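Novice: Now for the letters of each chain:
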Amino acid sequence: MDWSALGLSLKLAAWTTLLLLPLAVLLARPLAWSRFAGKGLLEALVALPLVLPPTVLGFYLLYALGGNSWLGHGYAALTGRTLVFSFDGLLVASLIFNLPFALQPIQRGFDAIPRAAREAAWTCGLSPWRTLWRVELPLAWPGLLSAIVLTFAHTLGEFGVVLMVGGNISSETRTVAIAIYDRVQALDQEGAASMSALLVAISFAAIASLNLLTRRIGRRDG
Amino acid sequence: MAEGLSATLRQSAPVKLDCSLACAAGELLALVGPSGSGKTTVLRCIAGLQRPAQGRIACGGEVWFERGLFMPAQRRRVGMVFQEYSLLPHLSAEDNVALALWHLPRLEQRRSARQWLARAHLEGLEQRRPGQLSGGQQQRVALARALARAIRGDGQASGVLLLDEPFAALDQATRRKLQQELAKLRRELPIPIVLVTHDLDEARLLADRMVLLHHGQSLQQGAPEEVLSRPADARIARLVGHTNLFEGEVIGEAGQAALLWQGRRLKLGQAPRYRPGTRVRWLVAPEGVLLLRRDWQPRESDENPLAAVVEDAISLGAFTQVGLRLEDSALPLSFSLPNHVARRHEIAPGAAVRVSLLADAIHLMPWSESGG
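Just so you know, the protein sequences line up as chains A and B, in that order. Residue 1 is where the first sequence starts when you use the numbering used here, and the numbers rise one by one after that. Residue 223 is where the second sequence starts when you use the numbering used here, and the numbers rise one by one after that.
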């Protein structure tokens, strides 16, 4: 059992979820409620990571984050660290390939809020910020919950993009999924089996508890 | 009118508006019109949920909207009851009301919310969520929330109460009950109240004054009785449901003005505003049509007797709706009778009857080509 790989996967998943959630909320509200030019294109762009092979996404990210790109260059100048083959770069890649998993459930959550509910809050004198906290987030909560669980579980399981962008550096970029691949390559069936079983257990527990919680919310608002 | 609400709204799209209305503090103004007439749009403009192209909205001496100024809904002191109430499903009745009191300390919010719920006869249901309340109870919570927002804690007049078809989603028994409660409650409310409805009876029951709206245009304002029985023109008469609409000519002899119609002379209740020789449109309200006794003999004092044949008679509840065709002109005339009267007079299709048009119920309107 590669505990450092598991720790790294959990750390990556936690950071991805934490950073992606507010970003997805920010993006999901206009996508759910406003009509603007290019909305369809933006939605398609955001959904791309769902359909692209992870290697294709990883290939582009490798270029975009590499030392020759303005992003990689700027980051190196600012922090003295590189984006590729580092945890930082892994996190950026993870944010990008998880965007649809966080955004789509949240967007559906906001979609389901009747406009009149927000208007009722406004006529009660609630500012847009207060309306977000008192009305919108509580009503979109099932969507937020799905986004949290899907993002977390999906980050744990991601393989292709991580390998392309992060490589396979112990304690820096070697996540559980890659460690399992390593074990299989090294013909260590037992190591691979125990880590795989753990990943299955974590993912199953996450999704099962999501379903349970969602049902409870459904009863609450029913 | 400094304490009241006044609004002038003008725009051509997306919904055409050409409307002006005023509502004094303590007054209930009904905004009446068929669906699609722009009633809800007007209400939303007052609430600040929609911005009209032009106009001016002021309430309690404070300007809410005019050229270059648009106060957002949050800053207008508006208590609004939405068509489907728009209660927040994740909050209890008490928390829904407390939402309108968010600026107060938490304890004060709870105390005040409970008071408003008690005034809406909801004691004991404070902790229920909207999904656990009946339609009528939900409407009461919505009303309590709107009042909590519109009326300051010290009972001082401040905002305006806006009601968007608040009774439309209720069954008839609940509707009657809540209408009567509102009629009672509103006498204690020191603020302007604007009620949107398509129901003329509701306007008659609840409103001090009404504005008739059609295609976004305010056509006539006044006491409901006045607008309903004395519409300004034939188009308005049709909108408020008059069907006994005819044309005629004012004739006058020595101060005794009368109406010349189909070759006969009709007495009028009061001297007309029109000069002799003027062509007019006129109506007689159904309640101004009297059925004469079957053994009727002509007398000088009778008011405008006419002979007719019953075309149809439909019983609706306690009343029978009778459609007549006048004998000499073949024009239709409708009115209603209590069922027992209809039975006693053997009102049935084909029966010959005599009716009298009460002079006071005849209302003259200016001539128009189309008649509405």
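Take these hints with a grain of salt, some might be off.
Now the stretches of chain A that chain B is said to cover, found in silico as 3 or more residues with beta-carbon under 8 Å [to be verified]:
#1 35-43
#2 114-120
Heads up, incomplete: computed chain A residues facing chain B, CB under 10 Å, no partners named [to be verified]:
#3 123
#4 124
#5 125
#6 135
#7 138
#8 139
#9 141
#10 217
These aren't lab readings, by the way, just hints derived from the structure by calculation. Computed from a predicted structure; not experimentally measured. Just so you know, even glycine gets a beta-carbon here, dropped at the ideal spot from N, CA and C.
Novice: If a hint holds in the structure, say so; if it does not, say that too.
Specialist: Here is how each hint holds up against the structure:
1. 35-43: violated (count 0)
2. 114-120: holds (count 5)
3. 123: Check passed: Cβ of residue 123 (chain A) comes within 4 Å of chain B, closer than 10 Å.
4. 124: holds, 4 Å
5. 125: holds, 5 Å
6. 135: holds, 6 Å
7. 138: Residue 138 (chain A) check passes; min Cβ-Cβ to chain B is 5 Å, inside 10 Å.
8. 139: For residue 139 (chain A), the interface hint holds, since the closest Cβ of chain B sits about 6 Å away, which is under 10 Å.
9. 141: The hint holds - residue 141 (chain A) has a Cβ within 10 Å of chain B, the shortest such distance being about 8 Å.
10. 217: With a minimum Cβ separation of about 8 Å from chain B (threshold 10 Å), the hint on residue 217 (chain A) holds.
Violation of the numbered hints given earlier is confined to hint 1; every other hint is satisfied by the structure.
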